[in-house]
Every structure is written in C-alpha cells, then in structure tokens.
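Engineer: One-letter residues, chain by chain:
There are 2 protein chains.
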Amino acid sequence: MSKLARWLSPVIGALAVAVTSLPSYAADTFNWKMVTTWPPNFPIFQTGVVRFAKDVETMSNGRIKIQVFAGGELVPPLQTFDAVSQGTIELGHGAAYYWAGKVPAAQFMSAVPFGMTAKGMNAWFYNGDGLKLWQEAYAPFNVVPFPGGNTGVQMGGWFNKKIESVQDLQGLKMRIPGLGGKVIAKAGGTPVLLAGGEIYTALERKTIDATEWVGPFHDERLGLYRAAQYYYYPGWHEPGTVLEVIVNKKAWDSLPPDLQKIVESAASSLNVTMYAEFEASNNKALRELKEKYKVNVLPFPPEVLKELRRLTKEVLTEESAKDPLFKKVYDSFTAFQADNDAWTTVSDDAYSEASKE
Amino acid sequence: MSKLARWLSPVIGALAVAVTSLPSYAADTFNWKMVTTWPPNFPIFQTGVVRFAKDVETMSNGRIKIQVFAGGELVPPLQTFDAVSQGTIELGHGAAYYWAGKVPAAQFMSAVPFGMTAKGMNAWFYNGDGLKLWQEAYAPFNVVPFPGGNTGVQMGGWFNKKIESVQDLQGLKMRIPGLGGKVIAKAGGTPVLLAGGEIYTALERKTIDATEWVGPFHDERLGLYRAAQYYYYPGWHEPGTVLEVIVNKKAWDSLPPDLQKIVESAASSLNVTMYAEFEASNNKALRELKEKYKVNVLPFPPEVLKELRRLTKEVLTEESAKDPLFKKVYDSFTAFQADNDAWTTVSDDAYSEASKE
Chain A
1 MSKLARWLSP VIGALAVAVT SLPSYAADTF NWKMVTTWPP NFPIFQTGVV
51 RFAKDVETMS NGRIKIQVFA GGELVPPLQT FDAVSQGTIE LGHGAAYYWA
101 GKVPAAQFMS AVPFGMTAKG MNAWFYNGDG LKLWQEAYAP FNVVPFPGGN
151 TGVQMGGWFN KKIESVQDLQ GLKMRIPGLG GKVIAKAGGT PVLLAGGEIY
201 TALERKTIDA TEWVGPFHDE RLGLYRAAQY YYYPGWHEPG TVLEVIVNKK
251 AWDSLPPDLQ KIVESAASSL NVTMYAEFEA SNNKALRELK EKYKVNVLPF
301 PPEVLKELRR LTKEVLTEES AKDPLFKKVY DSFTAFQADN DAWTTVSDDA
351 YSEASKE
Chain B
1 MSKLARWLSP VIGALAVAVT SLPSYAADTF NWKMVTTWPP NFPIFQTGVV
51 RFAKDVETMS NGRIKIQVFA GGELVPPLQT FDAVSQGTIE LGHGAAYYWA
101 GKVPAAQFMS AVPFGMTAKG MNAWFYNGDG LKLWQEAYAP FNVVPFPGGN
151 TGVQMGGWFN KKIESVQDLQ GLKMRIPGLG GKVIAKAGGT PVLLAGGEIY
201 TALERKTIDA TEWVGPFHDE RLGLYRAAQY YYYPGWHEPG TVLEVIVNKK
251 AWDSLPPDLQ KIVESAASSL NVTMYAEFEA SNNKALRELK EKYKVNVLPF
301 PPEVLKELRR LTKEVLTEES AKDPLFKKVY DSFTAFQADN DAWTTVSDDA
351 YSEASKE
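Read top to bottom, the protein sequences are chains A and B.
Just so you know, we're using the working numbering here: the first sequence kicks off at 1 and counts up by one.
Just so you know, we're using the working numbering here: the second sequence kicks off at 1 and counts up by one.
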C-alpha cells in the first residue's frame, strides 16, 4: 500500500460508513411550487400557507423547498386544482367547494349548509370515512388531499335590511356562492357571485342587498360594517369550512416516506393552528365591531333557520340524485353527523350553556 | 500520484461533495425514552403517544428513536414530570394538572372547572399568551411543553342517586381530583382520590356515591354503567382537558432546528388527531350506552351548575391569593375566555341550536 493510500484508508473507511448509513435518497432535493386560491398576504389563509411551506422546509432540512404563490401570481385562483392535477404545480391550498363543478362531492370536504363544525369534520376525516372518501373523490384527478385548516363557524352575513321572517328572503339579492346560494334561491332570493374584491362596492352601492364573507376578523378588514347595517349569525351555510392542502399524485409518490410524513404532519399542524388563529382573531374582531363600530349583531329568527334547513335537505337530495359519489359521501356524512350531534348536545352545547354568565 | 491514488481520487471527490453538502449534524442520532401517565395500551391516550413517537421516527428518518413506556413501566405515572425535569428521561406525555403540587398554575394548561373547551384553549395557546405562560411556568424545571392532545368536553360522572338540587351534593362521596374536587368540597361533598383501577369496585361496593372518569368511550370500557345508575352531563370540571408533550430542556437544546420542528409538528398533529379520535369514539359510545345499556343520561339541573360555577370562582380566587403565577395565568385565561365566550355564543352555540332537529 502506498503512503498516500495508507493515509487515505481510514478516511475512506469513515466516509464509506457515513455514506452507507444514510439512506440513498438523503441527497435528493425537491424544488416545489405551491399555488393557492387566496389573495397575496391574505391574513390567516395565505400567511398560514407560508408557515406550512416554511415548516416543511425546516423539517426536511431544505430537502423540500416550496415556493408559495398567491392566487393569480402564477395561475388564477380557481385553477389551483387543475394545476396540481396536471402536475405543472406540485402543491396547492384552497377549499374543496371551489371544485364543485368537477367533483360535486368535494363540497362535503369543505362546507355544507347545516353540516358539521370543525370538531365533527376532523373526527369524520381522521377517524371516520371522511378522508378516505376525499382521497377517492380526488384520485381520478391525481390529487392527494389533506385537511389543512378550518375557518370555524362563519357569520351569516351583512344585510341592509332586517330579516324578520322567511318572506324577507324573497327577492333578496345576496352574494353567496355554492350550496348556500342554491338554498337562498329556493327561498326566493337571488344568489349573486362576486369575487372578494367586488363585494364592498356592490353592497355599498346597493347592487346587492346582502353578502356573506368569512367571520368578524375578515369582515372587519373588508370594511363591510360601513356598507350594511345588520350583521347576522350564525353562518348556517358554512359551519366550519375546511381548507385543504393538495398534492399532485406523482409528486407525492416521488417522496420518500420521511418526507411524505413531514408534509402530512405539517398539514395536520396547519389544520389546528390555522383554526386557532381564526378563533383568536374573531374573538377580538367581534368585540371591536360591537364596541368600536356599534354594529348590530343579530340572530336569524328560528323560523328562518328552520326553513333554510328544510330547503337545504331538498338541495342535498336533488344533488344526490345527480351524482352517485355525492350520494355516497352524503350518506356517510349524515350518519356521522347524527351521532356527532347527539354527543355535542350533552358535551359542548350543554357545557357552553352552563359555563356562561 | 500512485495508481491507487488515481483510482481513488474521483471517489474521494464524490464522497467529499456528498458529505459537505449534508449538514454537519445529519449523522447524529438521538435514542430517547418517553414515559407517560397512562396505563399500557390505554386507548387514544397511550396509543396516540405511540403514534407520535412513530411519526417523529419516520419524519426524522430514524435520527430520533423514541422508546415509549406506559405509566409504571419505567417510572410511576405521576413521576413523569420529575423524570423529564431531571433529564433521566427525554420526553413525557400527561396532563399539566398532575403537577399542580409543584406548579399550581399548570392546572390552567390542562383543565379548570368552567374554563375553555378545546377550541378556546388552542386559540389561547397558539395565538394568545397561553403557550408562553406555560413555557414560563415549566422553565424553572427545565421542561419544555407542547399541547399534545385534548379529550374534548368530559362527562359529569356516574352517580348512584339523582342530583336534583344543590342539597344533593351534601355529603356526596365522589371520586373527583384537583380543582373539581375542591369545588365539590365547598359544596359540602367529600372528594375522594382513587386511581383508575380502583374506581369500579369502589362505586359498585358503594364506598363512593359517584365518580367522574373521562367520556362515554372510556367510561363504557371501565364498565361504570354496571356500577351506577345515573350518568350526568356536562363535565363542568373538565371542559376539554389538554394533554401535553413535555421535553427535557437540555435534550431539546441538543436537537438541530429540523428535529426540533419535527417534534413540535408531531405534537401539534397529535393535538388535533387525538381530539378527533376522542370525538369519534365518544360519538359511538354514547349511542351504545343509551341503546345497548339503557343508561340514564341526565343533565345537571341549571341551579346546581350555577352554584358550582359560583364556588369555582371562590376556589380560583383563593388559589390566586396563594401563588402569583397562578394569578397571572388566571388573569390571562379569564380575559381570553371572556372574548371567546362572546364569539362562541354567536358562532358554535347559535349554529348548534340552529342545525339540530
């Protein structure tokens, strides 16, 4: 053995050990893009996605780098699902009801009128059939979904007249998308579709009579209290909208098990921390709206809610008749909700009543 | 250059590149132990901890290996905190109120009578002062805490007589630990401390008149429906008990940033998935208790709950006078809860009432 070889021998030995003890994929890095349905810097929504991307990068020690783009920065907001489906983009964040045109059943994975709140949704996803059905619904599109946030119960919306009976919904022009809009149409109103940026002006100029948006925090930021007098609760149409992290199937399959688990864990973590941020922000904003802006915060009359619930069942039954997967998911959702409602009655509901002054 | 050196040269070059492109700590592995306050295989609690350990190992690709021990397997359940504090054990899982003797303020980090439910607790932890105060409370013990699970609202307990008025609490011998026990004592009852394994026999032999345990799922497994006739709700004394992942400070500091984030993310993930499993399991078990075992599920009378709430304030005020940190945490908790209650009234509570038949 030459002198050099003798000198190198232990070094090579050590390097060989170090290298063989590392898994073969350790040096692979993934430079991924993530697009969302949210405006740039949209608080809680988009800022939460940025936190998710940073968490994944930190946990993977830079082996996954995620460049985050808000809606419109790379693809239009409502093309998020398509971009991830086609694989031009690896990751997306949005809400499943945006893809109702493609996957009607997806609406159950975000929000359905008179459906379950966050705690029931998570129980259905993680410990019922929810996530399995969601994966089934997205599989034909090569998209892998994870629950990745929850808005909590939303508000019923801003109205420029009082809603005192079912008759007051007749002729009401309200900005309300999706299934909620179908219910309003059945009640004799006119659902209007408007992007977030158009709502304030339409309401202020009385092009519309009412609008729903999110909850106190986001509604305050949009200044809706200056455009309409009455702020109604509860958000019967969106009782806890689930947000989603979606991954292109091929991109997902290309990850080794450690990185898959990192993405999954970061999504679960986002699921709980984003919901917490909504709650904390809405807590404060509701107080401000009442104290600072003297907003009239009013409950929908029970009679109105009862009628909206009845009409919701009609809408969901009609949609079920059109699409077998919708029906399959509706059946699972409804059965789970029945047990969840019974438990909530003796737990959260009874407790909440007991604990307040 | 010798022949051997020439042959080795590109190999060494490649190895050098591979090694320098990896962070210096990549080869470090951490063989950690984790002890818990739970019995072996205790469903949801202990099984969740095992899932956490597996997730951390998967995400770190084996760089953190965690050997999980149930209560008593390595150290007695209630010495979990001490073992982690001393650093003989790196990780623990339990509930903060078990350490009330050492850290009275810790009770706010698990459950206080008439306190916040899971959603409020998470909002206070992640987006209020909750987690900061928790870290402050554990810092003198070299323990780093993370929220790592939630039981949801518990049940009020099993009673062998009906509770129809405040007078029925007089002389009641009830297994109920912690602050709840202090409240029962103020109401004229006698709180009794019993480990989980002793409860059934004590109740069945009428050594005690009543007991609280967890929720429908765990209560059914313990067979409590065979030992007492009346099952009361809500669990005013434990409205959403937070479970904790605790890490020895020195062990925590020894982790590189990627592994720290992996542990933190796995804890947040456990926080949401364990709560979901409680909900899903309680949903089913409540139905079974009612349908299969014909259990009388009864609400505490409003008058009784009102009195327990009044007595809780007395207890918390007394405890505040004894310990400045308790007072500091109580003040933060109370202020946060006030806003959270107001928001819950127009969101979850109003929604829940509207959505049920």
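Since the hints were derived computationally from the structure, they do not count as laboratory data.
Just so you know, these numbers come straight off a predicted model, no measurement behind them.
Misleading hints may appear alongside valid ones.
Here are some, though not all, of the chain B residues that point toward chain A, as calculated from beta-carbon distances under 7 Å [as the list claims (entries may be wrong)]:
{"no.": "1", "residue": "N61"}
{"no.": "2", "residue": "S254"}
{"no.": "3", "residue": "S268"}
Taking lysine-lysine and the DSSO-like style, the derived pairs with C-alpha atoms no more than 30 Å apart in a straight line are [stated by the list, open to error]:
{"no.": "4", "chain 1": "B", "residue 1": "K290", "chain 2": "B", "residue 2": "K65"}
{"no.": "5", "chain 1": "A", "residue 1": "K327", "chain 2": "A", "residue 2": "K249"}
{"no.": "6", "chain 1": "A", "residue 1": "K65", "chain 2": "A", "residue 2": "K54"}
{"no.": "7", "chain 1": "B", "residue 1": "K284", "chain 2": "B", "residue 2": "K65"}
{"no.": "8", "chain 1": "B", "residue 1": "K161", "chain 2": "A", "residue 2": "K356"}
{"no.": "9", "chain 1": "A", "residue 1": "K327", "chain 2": "B", "residue 2": "K186"}
{"no.": "10", "chain 1": "A", "residue 1": "K322", "chain 2": "A", "residue 2": "K102"}
{"no.": "11", "chain 1": "A", "residue 1": "K356", "chain 2": "A", "residue 2": "K162"}
{"no.": "12", "chain 1": "A", "residue 1": "K327", "chain 2": "A", "residue 2": "K186"}
{"no.": "13", "chain 1": "A", "residue 1": "K292", "chain 2": "A", "residue 2": "K186"}
{"no.": "14", "chain 1": "B", "residue 1": "K132", "chain 2": "A", "residue 2": "K292"}
{"no.": "15", "chain 1": "A", "residue 1": "K356", "chain 2": "B", "residue 2": "K186"}
{"no.": "16", "chain 1": "B", "residue 1": "K65", "chain 2": "A", "residue 2": "K356"}
{"no.": "17", "chain 1": "B", "residue 1": "K313", "chain 2": "B", "residue 2": "K102"}
{"no.": "18", "chain 1": "A", "residue 1": "K306", "chain 2": "B", "residue 2": "K290"}
{"no.": "19", "chain 1": "A", "residue 1": "K356", "chain 2": "B", "residue 2": "K290"}
{"no.": "20", "chain 1": "B", "residue 1": "K206", "chain 2": "B", "residue 2": "K162"}
{"no.": "21", "chain 1": "A", "residue 1": "K356", "chain 2": "B", "residue 2": "K249"}
{"no.": "22", "chain 1": "B", "residue 1": "K313", "chain 2": "B", "residue 2": "K328"}
{"no.": "23", "chain 1": "A", "residue 1": "K313", "chain 2": "A", "residue 2": "K290"}
{"no.": "24", "chain 1": "A", "residue 1": "K313", "chain 2": "A", "residue 2": "K292"}
{"no.": "25", "chain 1": "B", "residue 1": "K284", "chain 2": "B", "residue 2": "K102"}
{"no.": "26", "chain 1": "A", "residue 1": "K65", "chain 2": "B", "residue 2": "K65"}
{"no.": "27", "chain 1": "A", "residue 1": "K290", "chain 2": "B", "residue 2": "K162"}
{"no.": "28", "chain 1": "B", "residue 1": "K161", "chain 2": "A", "residue 2": "K313"}
{"no.": "29", "chain 1": "A", "residue 1": "K322", "chain 2": "B", "residue 2": "K356"}
{"no.": "30", "chain 1": "A", "residue 1": "K356", "chain 2": "B", "residue 2": "K173"}
{"no.": "31", "chain 1": "B", "residue 1": "K250", "chain 2": "A", "residue 2": "K132"}
{"no.": "32", "chain 1": "A", "residue 1": "K162", "chain 2": "A", "residue 2": "K186"}
{"no.": "33", "chain 1": "A", "residue 1": "K313", "chain 2": "B", "residue 2": "K102"}
{"no.": "34", "chain 1": "B", "residue 1": "K327", "chain 2": "A", "residue 2": "K327"}
{"no.": "35", "chain 1": "B", "residue 1": "K250", "chain 2": "B", "residue 2": "K292"}
{"no.": "36", "chain 1": "A", "residue 1": "K328", "chain 2": "B", "residue 2": "K356"}
Positions of the beta carbon are idealized from the N, C-alpha and C atoms, including for glycine.
Engineer: Determine for every hint whether it applies to the structure shown.
Structural biologist: Going down the list of hints, with the structure as the test:
Nearest Cβ of chain A to the Cβ of N61 of chain B: about 4 Å, under the 7 Å cut. The hint holds. Nearest Cβ of chain A to the Cβ of S254 of chain B: about 16 Å, over the 7 Å cut. The hint is violated. The beta carbon of S268 of chain B comes within 4 Å of a beta carbon in chain A, closer than 7 Å, and the hint placing it at the interface holds. Restraint check: the Cα-Cα separation between K290 of chain B and K65 of chain B comes to about 43 Å, which exceeds 30 Å; the hinted pair is violated.
Our distance criterion of 30 Å between C-alpha atoms is met by K327 of chain A and K249 of chain A, whose separation comes to about 25 Å. Proximity of K65 of chain A to K54 of chain A is assessed by CA-CA distance (about 8 Å); at most 30 Å being required, the pair is judged to hold. Distance restraint check for K284 of chain B and K65 of chain B: the Cα-Cα separation of roughly 35 Å exceeds the 30 Å cut-off, and the hinted pair is therefore not satisfied. A C-alpha spacing of about 27 Å is found between K161 of chain B and K356 of chain A, which places the hinted pair at or below 30 Å, so the restraint holds.
Distance hint between K327 of chain A and K186 of chain B is unfulfilled; the C-alpha atoms sit about 54 Å from each other, more than 30 Å. For the given pair, K322 of chain A sits about 13 Å from K102 of chain A by alpha-carbon distance, which is consistent with the 30 Å threshold. The hinted pair formed by K356 of chain A and K162 of chain A meets the criterion: a straight-line CA distance of about 28 Å does not exceed 30 Å. Distance hint between K327 of chain A and K186 of chain A is fulfilled; the C-alpha atoms sit about 20 Å from each other, no more than 30 Å.
Restraint check for K292 of chain A and K186 of chain A: the C-alpha separation of about 36 Å exceeds 30 Å, so the hint is violated. As the CA atoms of K132 of chain B and K292 of chain A are separated by approximately 29 Å, the hinted pair is consistent with the 30 Å bound. At roughly 20 Å between alpha-carbon atoms, K356 of chain A and K186 of chain B fall within 30 Å of each other, so this suggested pair holds. Under the criterion of a C-alpha separation no larger than 30 Å, the hint pairing K65 of chain B with K356 of chain A is inconsistent with the structure, at around 45 Å.
The straight-line distance between the Cα atoms of K313 of chain B and K102 of chain B is roughly 22 Å, inside the 30 Å bound, and the hint therefore holds. In summary, the hint linking K306 of chain A to K290 of chain B is supported, as the alpha carbons are separated by about 28 Å, within the 30 Å threshold. Proposed proximity of K356 of chain A and K290 of chain B is supported: the alpha carbons are some 28 Å apart, at most 30 Å. For the hint linking K206 of chain B to K162 of chain B, the alpha-carbon distance of about 15 Å falls within 30 Å, and the restraint holds.
For the proposed pair K356 of chain A and K249 of chain B, the alpha carbon gap of about 38 Å is over 30 Å, so the pair is violated. With a CA separation close to 15 Å, the supplied pair K313 of chain B and K328 of chain B stays within the 30 Å bound. As the CA atoms of K313 of chain A and K290 of chain A are separated by approximately 34 Å, the hinted pair breaks the 30 Å bound. A threshold of 30 Å between alpha carbons decides the hint, and for K313 of chain A with K292 of chain A the separation of about 39 Å lies outside it, so the pair is violated.
The hinted pair formed by K284 of chain B and K102 of chain B fails the criterion: a straight-line CA distance of about 37 Å is larger than 30 Å. At roughly 25 Å between alpha-carbon atoms, K65 of chain A and K65 of chain B fall within 30 Å of each other, so this suggested pair holds. A threshold of 30 Å between alpha carbons decides the hint, and for K290 of chain A with K162 of chain B the separation of about 42 Å lies outside it, so the pair is violated. For the hint linking K161 of chain B to K313 of chain A, the alpha-carbon distance of about 42 Å lies beyond 30 Å, and the restraint is violated.
Note on K322 of chain A and K356 of chain B: the hinted pairing holds, with a Cα-Cα distance of about 26 Å set against a maximum of 30 Å. Between K356 of chain A and K173 of chain B, the direct Cα distance comes to roughly 27 Å. Compliance with the 30 Å bound is thereby established for this hinted pair. With a C-alpha separation of about 41 Å, the suggested pairing of K250 of chain B with K132 of chain A is violated against the 30 Å cut-off. In summary, the hint linking K162 of chain A to K186 of chain A is supported, as the alpha carbons are separated by about 19 Å, within the 30 Å threshold.
Of the pairs offered as hints, the one joining K313 of chain A and K102 of chain B is violated, with about 54 Å between alpha carbons and a cut-off of 30 Å exceeded. Among the hinted pairs, K327 of chain B with K327 of chain A is inconsistent with the structure: their alpha-carbon atoms are about 53 Å apart, more than 30 Å. Restraint check: the Cα-Cα separation between K250 of chain B and K292 of chain B comes to about 51 Å, which exceeds 30 Å; the hinted pair is violated. Between K328 of chain A and K356 of chain B the CA atoms are separated by roughly 22 Å; this keeps the pair inside 30 Å, and the hint holds.
Of the numbered hints listed earlier, those contradicted by the structure are 2, 4, 7, 9, 13, 16, 21, 23, 24, 25, 27, 28, 31, 33, 34, 35.
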